[in-house]
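Student: Listed below are the residues making up each chain.
2 protein chains.
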Amino acid sequence: MLTYDLSRAQGSLYEYLYQCIKKDIRQGVLAAGEQLPSKRNFARNLGISTITVETAYDQLISEGYLYTVPKKGYFVADISEIFKIKPLAKTAAIPRPQPQKEYEFDLSNHHVSPENFPFSIWAKLMRETISEKKEELMAGSPGGGILFLREAIAAHLHSFRGMEADPGQIIVGAGTEYLYSILIQLFGREKRYCVENPGYQKIAQIYRSNDADCRFAAMDGQGITVDGLKKAQAEIVHISPTHHFPTGITMPVSRRYELLAWANEQEGRYIIEDDYDSEFRLNGRPIPPMQSIDIREKVVYVNTFSKSLAPTIRISYMVLPPHLAERFYEKLSFYSCTVSNFEQYTLAQFIKKGYFEKHINRMRLFYARQRKEVLECIKKSPLSSFCNMIEKDSGLHFLLCFQTELCGKELKKRFQEKKIHFASLADYDQAPDCDDPPVFILNYSNIDLEKLAAALEKISLCLHE
Amino acid sequence: MLTYDLSRAQGSLYEYLYQCIKKDIRQGVLAAGEQLPSKRNFARNLGISTITVETAYDQLISEGYLYTVPKKGYFVADISEIFKIKPLAKTAAIPRPQPQKEYEFDLSNHHVSPENFPFSIWAKLMRETISEKKEELMAGSPGGGILFLREAIAAHLHSFRGMEADPGQIIVGAGTEYLYSILIQLFGREKRYCVENPGYQKIAQIYRSNDADCRFAAMDGQGITVDGLKKAQAEIVHISPTHHFPTGITMPVSRRYELLAWANEQEGRYIIEDDYDSEFRLNGRPIPPMQSIDIREKVVYVNTFSKSLAPTIRISYMVLPPHLAERFYEKLSFYSCTVSNFEQYTLAQFIKKGYFEKHINRMRLFYARQRKEVLECIKKSPLSSFCNMIEKDSGLHFLLCFQTELCGKELKKRFQEKKIHFASLADYDQAPDCDDPPVFILNYSNIDLEKLAAALEKISLCLHE
Chain A
1 MLTYDLSRAQ
11 GSLYEYLYQC
21 IKKDIRQGVL
31 AAGEQLPSKR
41 NFARNLGIST
51 ITVETAYDQL
61 ISEGYLYTVP
71 KKGYFVADIS
81 EIFKIKPLAK
91 TAAIPRPQPQ
101 KEYEFDLSNH
111 HVSPENFPFS
121 IWAKLMRETI
131 SEKKEELMAG
141 SPGGGILFLR
151 EAIAAHLHSF
161 RGMEADPGQI
171 IVGAGTEYLY
181 SILIQLFGRE
191 KRYCVENPGY
201 QKIAQIYRSN
211 DADCRFAAMD
221 GQGITVDGLK
231 KAQAEIVHIS
241 PTHHFPTGIT
251 MPVSRRYELL
261 AWANEQEGRY
271 IIEDDYDSEF
281 RLNGRPIPPM
291 QSIDIREKVV
301 YVNTFSKSLA
311 PTIRISYMVL
321 PPHLAERFYE
331 KLSFYSCTVS
341 NFEQYTLAQF
351 IKKGYFEKHI
361 NRMRLFYARQ
371 RKEVLECIKK
381 SPLSSFCNMI
391 EKDSGLHFLL
401 CFQTELCGKE
411 LKKRFQEKKI
421 HFASLADYDQ
431 APDCDDPPVF
441 ILNYSNIDLE
451 KLAAALEKIS
461 LCLHE
Chain B
1001 MLTYDLSRAQ
1011 GSLYEYLYQC
1021 IKKDIRQGVL
1031 AAGEQLPSKR
1041 NFARNLGIST
1051 ITVETAYDQL
1061 ISEGYLYTVP
1071 KKGYFVADIS
1081 EIFKIKPLAK
1091 TAAIPRPQPQ
1101 KEYEFDLSNH
1111 HVSPENFPFS
1121 IWAKLMRETI
1131 SEKKEELMAG
1141 SPGGGILFLR
1151 EAIAAHLHSF
1161 RGMEADPGQI
1171 IVGAGTEYLY
1181 SILIQLFGRE
1191 KRYCVENPGY
1201 QKIAQIYRSN
1211 DADCRFAAMD
1221 GQGITVDGLK
1231 KAQAEIVHIS
1241 PTHHFPTGIT
1251 MPVSRRYELL
1261 AWANEQEGRY
1271 IIEDDYDSEF
1281 RLNGRPIPPM
1291 QSIDIREKVV
1301 YVNTFSKSLA
1311 PTIRISYMVL
1321 PPHLAERFYE
1331 KLSFYSCTVS
1341 NFEQYTLAQF
1351 IKKGYFEKHI
1361 NRMRLFYARQ
1371 RKEVLECIKK
1381 SPLSSFCNMI
1391 EKDSGLHFLL
1401 CFQTELCGKE
1411 LKKRFQEKKI
1421 HFASLADYDQ
1431 APDCDDPPVF
1441 ILNYSNIDLE
1451 KLAAALEKIS
1461 LCLHE
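So the sequence lines, in the order shown, correspond to chains A and B.
For what it's worth, the numbering used here labels the leading residue of the first sequence as 1, then goes sequentially.
For what it's worth, the numbering used here labels the leading residue of the second sequence as 1001, then goes sequentially.
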């Protein structure tokens, strides 16, 4: 009779017995169809209880290694397919998460510094949410997000951006990247999408990774051109009219109306308005969004808390025109909202209780101060006579145009050799035949002011090496 | 000269002036090309300071309503496109978020009851995370999730599921629904996907909404069949072998090897193993996942914290075989992780400090007790002689098969009339020509035991009306 040396068992006896039998079946020692001893006999033979054998047999039955025939007993299942499968000759190395590149100075850093996140208020609101909203935290969130947060966002958009948006039009998601994929499902993957060139590369990357046809349209000093859209045969255009990245252009109202007229020319044309950093116009009132002058339901407004709060919080939203909101509920409301209820409620309280407005005001002051100090530092540096600043009063970055014969690529190489991370305009240009001006993007939102003078000196050296 | 009655200003003078001029431009009162008064003259005329006029002009320039000509002055921009756009004759009604249907009794409720979520521990860990990890919370998370969480998941999978998974193979995302869309991008949208019939409808819905060809393959008593896969010409099959929903079938090891052999037959074939509720096998050891017997990198393992913690927390993960992990980093690592850093760190601590294991053990006891009470309640009810229970020891639901001539549809209608929510097997069947047995799915994870007896009595009445 089948026997095993149970004195070698380290865990429970049943588990050891289960492992032994399983191993023998997997190695073919016990053949398909072979009958196993009855529980009682096997137990007596091994000197253990019948229950132990039964538990082991039950587990093997659950996993399908054994089967029972009523009144006959336990038999080995046929797993002969196992012997046909050979391991791979060579397995790929398991990728290690890449360590971040080491820079001595980073002029492209756009993270929020820990000093600038309202941790204590956030912690307090999270604690209150957890203690007061247990029921709501466990209740399913509608696909577009919990109503409480959507109401808070609608009220914020009204007071801060002068927008009329009903909470029913607002769809909350885990980052704008996710929302783009929802928009592709809403509009249709067969549409021709179009983005600005130059522009933030990730947007085109996301459309293309989702197998949507994504083209580029050229910009002039007022933003993307209708001519460019026509050349690209665009149907859906994705733009950031308030503050284009990286050029900083604010699209004037005349161009906005041209784009709206273009969208109105044909059914199925839409404008995705990406308003990613509109909160940080440092002088004057915020620029009104296109959504507020759209009277034919052609504009989808997209915004995020990545710039206004922190990118690592992963909450974004969009405002769909009514007929698209209807389409969303019809076609896509089966999706669960991708943001945790815990954070939806916490953020809603953060907005409703006025903390968000205070935070934005505080950050505007901080960024304005930061910008002023950066400009002063540039003025004092040896670089000052070899660069012009191109900026439009808004956002958290500006362009530096160097007076040099060197192209952007060569300059960037020199900066890298000095361990300076500094993105050039060409980094955001999708047309390979473009010229490569020595224009660089200085992001001052999280710049290290103490090291800036030294970095500028190094940059100045790079120009004249 | 242009003039406005500034005595009617309610906010700041500059804002009122800005609004007046803007309105006149938008209505064509001020025509394109028309010159505006100089700042000084206008200010003197209106009896206000030059600064006020300048601020209003600056804002109008930023928005593009005015432009300047050096040494000449301020001119009205051409926004004549505005007059070509007519508002929509009829706008769609803004959809209201649907109120939940009112049931008196819900036998399909799968939410986690607030009593069963570890709120106080979660609150404590969240507080600790916020106070101790400020730097990390603001640092960008890699596309696959923060390493700290992936390590915790890898260790959990090792001890709880006997799986070997390197943190580099683990990809964290905001829900399995999101991860499916990542898998489609990883495998290619042109592949033929295949899901189980019957099965959880949402899975096919997601593939189809992402424009992937998704087919159904029939099941027998051991799960999806290779024959069904061949008929469907499947390339990627999405299954839940540990515990199929709704039938409760655990796929035996022989069928698992058949499927692996099928996958190995051809390059590009893969198995997505959806292990959604493996933590809650109530008797015996957990069933080993297919991932652990896959020696040719054919299985993608997917799991979620929706069942084991709460669906509203929105954290799921997958374990990619090494070569697919490599492909992920190559093609898709530009995506930001969709889960907030705050919750990634909190969950990592929850797992690392042993709370997750304790929680699962506690919930297994709770569910076992719950199940026992539900079974006893059925036994005592008038229904007991008219139904059989089909269940496989695992998961949070079982099937009730009613002895009646009525079809599932008719029964369901009768239940609904009595305000009882009870899903039938046919609700999960995708083949319209199927028969419709009177089999219903009883989800006991969050069932209201106090009302159950009354509900069973009503159900019994429905059978005999």
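No lab work stands behind these hints, which were simulated from the structure alone.
Treat the hints with caution; some may be incorrect.
[Claimed, not checked] 20 Å max Cα-Cα, derived SDA-like pairs, lysine to any residue: (1) B:Lys1134 with B:Phe1117; (2) A:Lys191 with A:Arg327; (3) B:Lys1124 with A:Ala123; (4) A:Lys380 with A:Cys401; (5) A:Lys86 with B:Ser1292; (6) B:Lys1307 with A:Pro311; (7) A:Lys307 with B:Leu1147; (8) B:Lys1072 with B:Ala1031; (9) A:Lys331 with B:Asp1213; (10) B:Lys1134 with A:Lys331; (11) A:Lys379 with A:Val439; (12) B:Lys1022 with A:Gly284; (13) B:Lys1202 with A:Lys418; (14) A:Lys23 with A:Asp5; (15) B:Lys1331 with A:Gln430; (16) A:Lys418 with A:Val439; (17) B:Lys1451 with B:Tyr1367; (18) B:Lys1039 with A:Gly284; (19) B:Lys1084 with A:Arg269; (20) A:Lys133 with B:His1111; (21) B:Lys1358 with B:Ile1295; (22) A:Lys358 with A:Leu282; (23) A:Lys86 with B:Asn1264; (24) B:Lys1331 with A:Lys84; (25) A:Lys84 with B:Lys1202; (26) B:Lys1202 with B:His1111; (27) A:Lys134 with A:Phe117; (28) B:Lys1134 with A:Pro311; (29) A:Lys202 with B:Pro1286; (30) B:Lys1071 with B:Ala1032.
[Stated by the list, open to error] Pair ranges (Cβ atoms, derived): (31) A:Glu135 with B:Lys1352: 42 to 52 Å; (32) A:Lys418 with B:Arg1044: 34 to 44 Å; (33) B:Gly1140 with A:Lys418: 35 to 45 Å; (34) B:Thr1068 with A:Lys380: 43 to 53 Å; (35) B:Glu1391 with A:Tyr67: 35 to 45 Å; (36) B:Gly1011 with A:Gln430: 35 to 45 Å; (37) B:Asp1078 with A:Ser292: 14 to 24 Å; (38) A:Glu135 with B:Glu1410: 48 to 58 Å; (39) A:Lys380 with B:Gly1140: 27 to 37 Å; (40) A:Glu136 with B:Leu1365: 49 to 59 Å.
Ideal Cβ placement from N, Cα and C applies to all residues, glycine included.
Student: Next step is simple, just say for each hint if it's right about the structure.
Tutor: The hints, checked one at a time:
no. : hint                                : result
1   : B:Lys1134 with B:Phe1117            : violated, 26 Å
2   : A:Lys191 with A:Arg327              : holds, 16 Å
3   : B:Lys1124 with A:Ala123             : holds, 10 Å
4   : A:Lys380 with A:Cys401              : holds, 17 Å
5   : A:Lys86 with B:Ser1292              : holds, 15 Å
6   : B:Lys1307 with A:Pro311             : violated, 28 Å
7   : A:Lys307 with B:Leu1147             : violated, 24 Å
8   : B:Lys1072 with B:Ala1031            : holds, 17 Å
9   : A:Lys331 with B:Asp1213             : holds, 17 Å
10  : B:Lys1134 with A:Lys331             : violated, 40 Å
11  : A:Lys379 with A:Val439              : holds, 17 Å
12  : B:Lys1022 with A:Gly284             : holds, 15 Å
13  : B:Lys1202 with A:Lys418             : violated, 52 Å
14  : A:Lys23 with A:Asp5                 : holds, 14 Å
15  : B:Lys1331 with A:Gln430             : holds, 18 Å
16  : A:Lys418 with A:Val439              : holds, 18 Å
17  : B:Lys1451 with B:Tyr1367            : holds, 17 Å
18  : B:Lys1039 with A:Gly284             : holds, 17 Å
19  : B:Lys1084 with A:Arg269             : holds, 17 Å
20  : A:Lys133 with B:His1111             : holds, 15 Å
21  : B:Lys1358 with B:Ile1295            : violated, 32 Å
22  : A:Lys358 with A:Leu282              : holds, 15 Å
23  : A:Lys86 with B:Asn1264              : holds, 9 Å
24  : B:Lys1331 with A:Lys84              : violated, 33 Å
25  : A:Lys84 with B:Lys1202              : violated, 35 Å
26  : B:Lys1202 with B:His1111            : holds, 17 Å
27  : A:Lys134 with A:Phe117              : violated, 26 Å
28  : B:Lys1134 with A:Pro311             : holds, 14 Å
29  : A:Lys202 with B:Pro1286             : violated, 42 Å
30  : B:Lys1071 with B:Ala1032            : holds, 19 Å
31  : A:Glu135 with B:Lys1352: 42 to 52 Å : violated, 29 Å
32  : A:Lys418 with B:Arg1044: 34 to 44 Å : violated, 55 Å
33  : B:Gly1140 with A:Lys418: 35 to 45 Å : violated, 24 Å
34  : B:Thr1068 with A:Lys380: 43 to 53 Å : violated, 31 Å
35  : B:Glu1391 with A:Tyr67: 35 to 45 Å  : violated, 19 Å
36  : B:Gly1011 with A:Gln430: 35 to 45 Å : holds, 43 Å
37  : B:Asp1078 with A:Ser292: 14 to 24 Å : holds, 20 Å
38  : A:Glu135 with B:Glu1410: 48 to 58 Å : violated, 35 Å
39  : A:Lys380 with B:Gly1140: 27 to 37 Å : holds, 32 Å
40  : A:Glu136 with B:Leu1365: 49 to 59 Å : violated, 27 Å
Comparing the model with each numbered hint stated earlier shows that hints 1, 6, 7, 10, 13, 21, 24, 25, 27, 29, 31, 32, 33, 34, 35, 38 and 40 do not hold.
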